[in-house]
Amino acid sequence: MNLISQILHLMTTAGLWQLTLTVGALLLLPALGGVISERSGVTNIAMEGMMLTGAFVSIVADLAWHNPWLSTLLAIFCGGLMATIHAVISIRFRADQIIAGFAINIFAAGVTTYLDDKFYNYNGAGHVNQANMLPFIRVPVLDKIPFFGQVLFEQNIIVYVAILLLVVTQFALFRTKLGLRVRAVGEHPQAADTAGINVYALRYGAVITSGLLSGLGGAFLAIGIENTFNPNMTNGRGYIALAAMIFGKWTPIGSFIACLIFGLGYALFANNSSISASPFLLNMLPYVFTLIVLAGLVGRSTPPAADGIPYEPGVE
Amino acid sequence: MAAPSAPTERWKPPLPPALVERTKQAGKALGMPLGSVVLSFLVGAVIVLVTGGNPITAYQGLLCGGVGVLCSGSTYSSYTGAYQISEMLVFLCPLVLTGLSVAIAFRAGLFNIGAEGQLIVGAIATTFVGVHLQQLPSEILLPLVLIAGALAGAVWGGIVGVLKALTGAHEVVTTIMLNYIALFFLTYLIVGGPMQEKGISSSSDAISAKARLPKLVPAHHLFFGEPGGIYRVHAGIFVALAAAVVFAFIMKRTSLGYEIRAVGQSQRGARYAGISVNRTIIKTMLIAGAFGGLAGAIQIAGVRYQLTDIYTPDTTGFDAIAVSLLGQNSGIGVVLSGILFAGLDVGRNVMQSGANVSKNLADILQALILFSIAANFLRSLKLRLPSLRNVRGSQSQVEPGVAAVATDIAPGATVDASASGGSPGE
Numbered sequence: 009m010n011l012i013s014q015i016l017h018l019m020t021t022a023g024l025w026q027l028t029l030t031v032g033a034l035l036l037l038p039a040l041g042g043v044i045s046e047r048s049g050v051t052n053i054a055m056e057g058m059m060l061t062g063a064f065v066s067i068v069a070d071l072a073w074h075n076p077w078l079s080t081l082l083a084i085f086c087g088g089l090m091a092t093i094h095a096v097i098s099i100r101f102r103a104d105q106i107i108a109g110f111a112i113n114i115f116a117a118g119v120t121t122y123l124d125d126k127f128y129n130y131n132g133a134g135h136v137n138q139a140n141m142l143p144f145i146r147v148p149v150l151d152k153i154p155f156f157g158q159v160l161f162e163q164n165i166i167v168y169v170a171i172l173l174l175v176v177t178q179f180a181l182f183r184t185k186l187g188l189r190v191r192a193v194g195e196h197p198q199a200a201d202t203a204g205i206n207v208y209a210l211r212y213g214a215v216i217t218s219g220l221l222s223g224l225g226g227a228f229l230a231i232g233i234e235n236t237f238n239p240n241m242t243n244g245r246g247y248i249a250l251a252a253m254i255f256g257k258w259t260p261i262g263s264f265i266a267c268l269i270f271g272l273g274y275a276l277f278a279n280n281s282s283i284s285a286s287p288f289l290l291n292m293l294p295y296v297f298t299l300i301v302l303a304g305l306v307g308r309s310t311p312p313a314a315d316g317i318p319y320e321p322g323v324e
Numbered sequence: 265m266a267a268p269s270a271p272t273e274r275w276k277p278p279l280p281p282a283l284v285e286r287t288k289q290a291g292k293a294l295g296m297p298l299g300s301v302v303l304s305f306l307v308g309a310v311i312v313l314v315t316g317g318n319p320i321t322a323y324q325g326l327l328c329g330g331v332g333v334l335c336s337g338s339t340y341s342s343y344t345g346a347y348q349i350s351e352m353l354v355f356l357c358p359l360v361l362t363g364l365s366v367a368i369a370f371r372a373g374l375f376n377i378g379a380e381g382q383l384i385v386g387a388i389a390t391t392f393v394g395v396h397l398q399q400l401p402s403e404i405l406l407p408l409v410l411i412a413g414a415l416a417g418a419v420w421g422g423i424v425g426v427l428k429a430l431t432g433a434h435e436v437v438t439t440i441m442l443n444y445i446a447l448f449f450l451t452y453l454i455v456g457g458p459m460q461e462k463g464i465s466s467s468s469d470a471i472s473a474k475a476r477l478p479k480l481v482p483a484h485h486l487f488f489g490e491p492g493g494i495y496r497v498h499a500g501i502f503v504a505l506a507a508a509v510v511f512a513f514i515m516k517r518t519s520l521g522y523e524i525r526a527v528g529q530s531q532r533g534a535r536y537a538g539i540s541v542n543r544t545i546i547k548t549m550l551i552a553g554a555f556g557g558l559a560g561a562i563q564i565a566g567v568r569y570q571l572t573d574i575y576t577p578d579t580t581g582f583d584a585i586a587v588s589l590l591g592q593n594s595g596i597g598v599v600l601s602g603i604l605f606a607g608l609d610v611g612r613n614v615m616q617s618g619a620n621v622s623k624n625l626a627d628i629l630q631a632l633i634l635f636s637i638a639a640n641f642l643r644s645l646k647l648r649l650p651s652l653r654n655v656r657g658s659q660s661q662v663e664p665g666v667a668a669v670a671t672d673i674a675p676g677a678t679v680d681a682s683a684s685g686g687s688p689g690e
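Chains as they are written, first to last, in this note's numbering: chain C, 9 to 324; chain F, 265 to 690.
Only chain F is shown next, with the shape it has when bound in the complex (with noise of 0.2 Å):
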């Protein structure tokens, strides 16, 4: 067996230098993020384990209502794992058009915490416009609603770049406010106000069903041996891949791109180098409102087909943040960090069901994931791992003395100081 093998390994084929330095730099990028999500995941399975429950079980429900992986035992085969994907990808659409709002600013030095508030707004405009102008044939009123959402997000996004290019105003308070004016504003319209559906309270009139994005798997056809009018995935993921797309293109293709990165890297150097910081500002808000609005836009036209207030607890946009830092605000990396977040936000409530542990954890991870991505804690033990061994190398004689103090203190300790005092003669 062995014979054969060893001279076609011996000779490989040369690969191509540019595909090898693609291939490093791919596990660079990929390296960080990865490495502090399985961080945060082995925390979290502590925390399942001190307050008492099963962290193989939780996890396993994680797994199986997110991504419908793993969906076996007497615990989760009651779970359809194509049911679980479409419903993720039903969620990955919003989470990855607010991650690029919040990617394209971050990219641009700025902080949106207002995806949120585009959002919103961007959703108020497609139910006003789809409502309001069925007439229209479906060609043109599907793009007009989708469109109606992004204009409206943009000008939401854009309020604050002007307001931060012209008065300098922090553009964490004015997203701050404008998602607060945006969610109050909506709750006028429904409760009460101009768009409340007659006789009922808090929801508005649906959209025409020309204005709706279609279906992916048809309604009248088994799936996976369920009745195809419960897979909720449509036609919006399209969108949103396809806006992941042109956020690469623009960051990494266009002039613009160029610019909003020299503002992120360094506003003097930018000035330096001829670009307009302020116009540069109001431009990215600009788009970074329109991936917000549509988000709000897929979320009515593929969805919810009309306003309600399930915005109150709603937080796509703020679990954007954590999508587009994970991803490092690349195109790419938002779309997949969104399905880790959207298996997150599906998975939890499978995960309580089954292995009663609560939905919440999902929250606590996503913390502890950007914990670890602010600190660096991988960087943080890369360094110190080598100072630790040169530590254990000259500390051997110390160590009895270490012990002997140990014993003073606690008589338990000496356990473990014998035991790390052992480890280096290895």
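Chain C extracted, bound-state conformation (with noise of 0.2 Å):
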């Protein structure tokens, strides 16, 4: 068929498959936190919010500093801040996590909207300069590999540090006393508490590297790719990294292959006038996918153990 061998022909193109990795980098950094917060037991999915406000925090910051270092470095701390407010409402609070999470997202969308009016005076942000950008990177002797050259070495810097989080992630929840200790507390809070483990300490910290993450998703968004603030403009990246994150069983490599996927479905809707169908429906392709996947491919994924309940000390 025409519009078989037409998306066939783009599959083959190096250009996807750099966009690709580009955009599944950037769902892979809220999806590594929704990661390391879930396996320590509180349920994050306000990736969105974070995400956004890193977004917006970055934007401010560059345009005003002309630093998209320190800008980032900024919008990681906003990140966190966000988080620490789940964090607290969460776990010292002791609410449902996902109408905290819910919160945080509308809280965000509020208030950056809301600071965005008042900083610009309703005119929006406006674009950072090129030059301020986070640089997209060439490595130098391996972006002449064919193909691959470009697909993997010319890239924004943050898909590096993307790719070196998830190495980072996978090796210290699975390979270190850390990792095992979340993953505890995440299972059976009250068996870690009683090891001497401290609960309330590493949830704070899991949900708040969440925070760190999605901040600098965010900031990736703004100053790394698309070069301004909107309201929204995260517009449901966080929830389709969290979606990632429950697609890979709430592992790092698994989120970051269903990154891939989406990030591939983008991709293909991004690349959508060499193919002769509504760029819509292809856009809706990995939604759809997700959905058929979830319903029977995976089977049942089921979260940590202790997700989403507050911990109460001597409650069993």
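If you're looking for bench data, these hints aren't it; they were derived computationally from the structure.
Small disclaimer: the values here were computed from a predicted structure and weren't measured.
One should not assume that every hint holds.
Said to hold, decoys possible - A short list of chain C residues far from chain F (calculated; beta carbon distances all over 10 Å): (1) G23; (2) F144; (3) T298.
To be verified - Among the chain C residues that face chain F by a calculated CB cut under 10 Å, a handful are: (4) F101; (5) I106; (6) I107; (7) G118; (8) D124; (9) D125; (10) Y130; (11) G134; (12) F179; (13) A180; (14) I254; (15) P287; (16) N291; (17) T310; (18) P311.
All C-beta atoms in this analysis are idealised placements derived from N, C-alpha and C, irrespective of residue type, glycine included.
Got two chains here, each in a separate frame; can you build the complex from them with the hints?
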């Protein structure tokens, strides 16, 4: 069929896979945050809001300072601040974590657009100078490899950072004492507490880490890809990261594979001019695919046993 | 004056105990949400103050724009209370219906983020029937378009229920996926797809005039000094209120409602009681989807009359979650909190133009209300107050030491420390 051959032809172009990796890495950052947070037993659907906060802060800071590095640091910090609110409400006040996370998302959307109106007098933030964006890096020599050179070694610096963080998270969660403790706290906090592990400290740490990662993702989106801030510019990416995390069965590697699938869907959509089908139907594909996979192929995905349950000492 | 009133005060007609009990219950049920709203508006006022606005003018704008009161003074005198109320009621219809969709799922322990998707497919089905079955008489066509919307929504919600029951797929993820699928499907239909109006991008044909819900204000009469045609309030408000009654009836008076509540309380407990958890989950999501679909149907049949691509920035299905939570997942609660949120939706623009405070303050308020309900700050405040008093009493001797430490750190802090040291003496 014509359509299938067009898609297959598109699949042989390096540009498609290059974009797939970029978008996959963008989704990976909040997804890793979600994995860490939920492995410690705190359900986190607030990546959307924390990412949006990072995006807004990085643009404001970059417009003022003309320094993408400092702006990214501040975005990471503010993502962490948002996560702290989620942590306090979920851990200290033992709130329903889904509602708290959802409130964070509305709060972030409200605060960023409120301040956007305030700072730029209802005119929108505008664009940062091209020179002040997070740099695009061509790895010398390696980028000369045909096909793979363009896909793997011509990327924004944050893509490399994200891959590095993926390796670090996978290793830390499953090969270190700290990772074992985080998982213990998420599976059976009572037992972990009895063994002398500080449940609260680990959960605060994990939730705040998810905010730092999502903040970085937001900065990547705003000053690495889009070059501006729009109200609600994350546009559900935090929720997609959440889906990727569940899809990937709460593991960093699995989440990354899911992120790449969503990335591929987006890349196909972005290249729709060479496909004779409605771009909107193409855009729908990754979501339909996820639904089908969730329904049958993955099997029952089991979250960490204590995920979403506030810890109260002495209550079994 | 005081003498004649004394005996009447002494003799009180005994109130029926059931009524007393009910009033107490109502007070309890209202206390937490109302307290959360007040707390959030106080914090919101601080935010406005800190960012250089006037909270009184801002909140007057919200009240005038949202519920049509206090439209006075030079800033707001150009707004008509009746028109603002009419607009609020227009926003209220979909909020109540999607709120009920979220609420019934919450009752069964499911988190339905998918009301938005259900609303969209409801709108699609309503438009499809309203455009293609023009030859039917109004008495059949109007109910038919509403039923079509509700059915489409039920299918969309039912998918979530079936997946949850059969494969355990988490409803948060499946509803998010279905929201996107509905949105992109709608865009496909009206941008280059089969439902696009000829020659006009991104909208569909208009539905037949016979498929439209009647307006409540006749168009050619003056109403509160304005021509009746500008009032958009339509008969859908009765559908929304009736749905809330149906919701309350299902939950309180039917065995299905009992099963839903049992599953929501404890799936294991429900299973021991002989309730099929899977079947209840599917039924719940079918009903939830029908409410959501009806919301989309009413928007088409009452306000928009055609599909457009307004749904990209639309957040009704998400606001519905706040509406449901604030309304404690009850029928009457959803209507009352729906009025608050519909008022915020309409009032925010009036506030922005009148008080020059960004309309996004409404989102912040909404989030603060959710925080307050989720964390139940009020309860924590109540729990902490007595202990604070104890601490103050016992610390009265320690106070000078604290003040001394404070002086060491920052000289400016002495004033605060001595002020708080003085208060327990009262």
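Now for the hints, and whether the structure bears them out:
1. No Cβ of chain F comes within 10 Å of the Cβ of C:G23; the nearest lies about 23 Å off, and the non-interface call holds.
2. Residue-level check passed: C:F144 sits 29 Å from the nearest beta carbon of chain F, beyond 10 Å.
3. Its beta-carbon lying about 5 Å from the closest one in chain F, C:T298 breaks the requirement of being farther than 10 Å from that chain.
4. Contact between C:F101 and chain F, as hinted, is supported at the beta carbon level, the nearest pair being about 4 Å apart and thus within 10 Å.
5. Here the hint on C:I106 is kept, as its CB sits about 6 Å from the closest CB of chain F, short of 10 Å.
6. With a least beta-carbon distance of about 4 Å to chain F, the hint placing C:I107 at the interface is held under the 10 Å criterion.
7. About 3 Å separates the beta-carbon of C:G118 from the nearest beta-carbon of chain F, less than 10 Å, and the hint is met.
8. For C:D124, the suggested interface contact is upheld, since its CB lies about 8 Å from the closest CB of chain F, less than 10 Å.
9. Proximity of C:D125 to chain F holds as hinted, the smallest CB-CB distance being about 4 Å (cut-off 10 Å).
10. A distance limit of 10 Å between C-beta atoms decides the matter here; for C:Y130 the minimum to chain F is near 8 Å, and the interface restraint holds.
11. For the restraint placing C:G134 at the interface with chain F, the shortest Cβ-Cβ distance is roughly 17 Å, beyond the 10 Å limit, so the hint is violated.
12. For C:F179, the interface hint is violated, since its Cβ never comes within 10 Å of a Cβ in chain F; the closest pair sits about 27 Å apart.
13. For the restraint placing C:A180 at the interface with chain F, the shortest Cβ-Cβ distance is roughly 25 Å, beyond the 10 Å limit, so the hint is violated.
14. Look at C:I254: its Cβ gets to within about 5 Å of chain F, closer than 10 Å, so that hint holds up.
15. The restraint placing C:P287 at the interface with chain F holds, with a minimum CB-CB distance near 8 Å, inside the 10 Å limit.
16. Taking 10 Å as the C-beta cut-off, the interface hint given for C:N291 holds, the closest approach to chain F being about 5 Å.
17. Below 10 Å, beta-carbon pairs count as interface contacts, and C:T310 has one with chain F at about 8 Å; its hint therefore holds.
18. Interface hint at C:P311: satisfied, since its Cβ lies 8 Å from the closest Cβ of chain F, which is below the 10 Å cut-off.
When the structure is compared with the earlier hints, violations turn up for hints 3, 11, 12, 13 and for no others.
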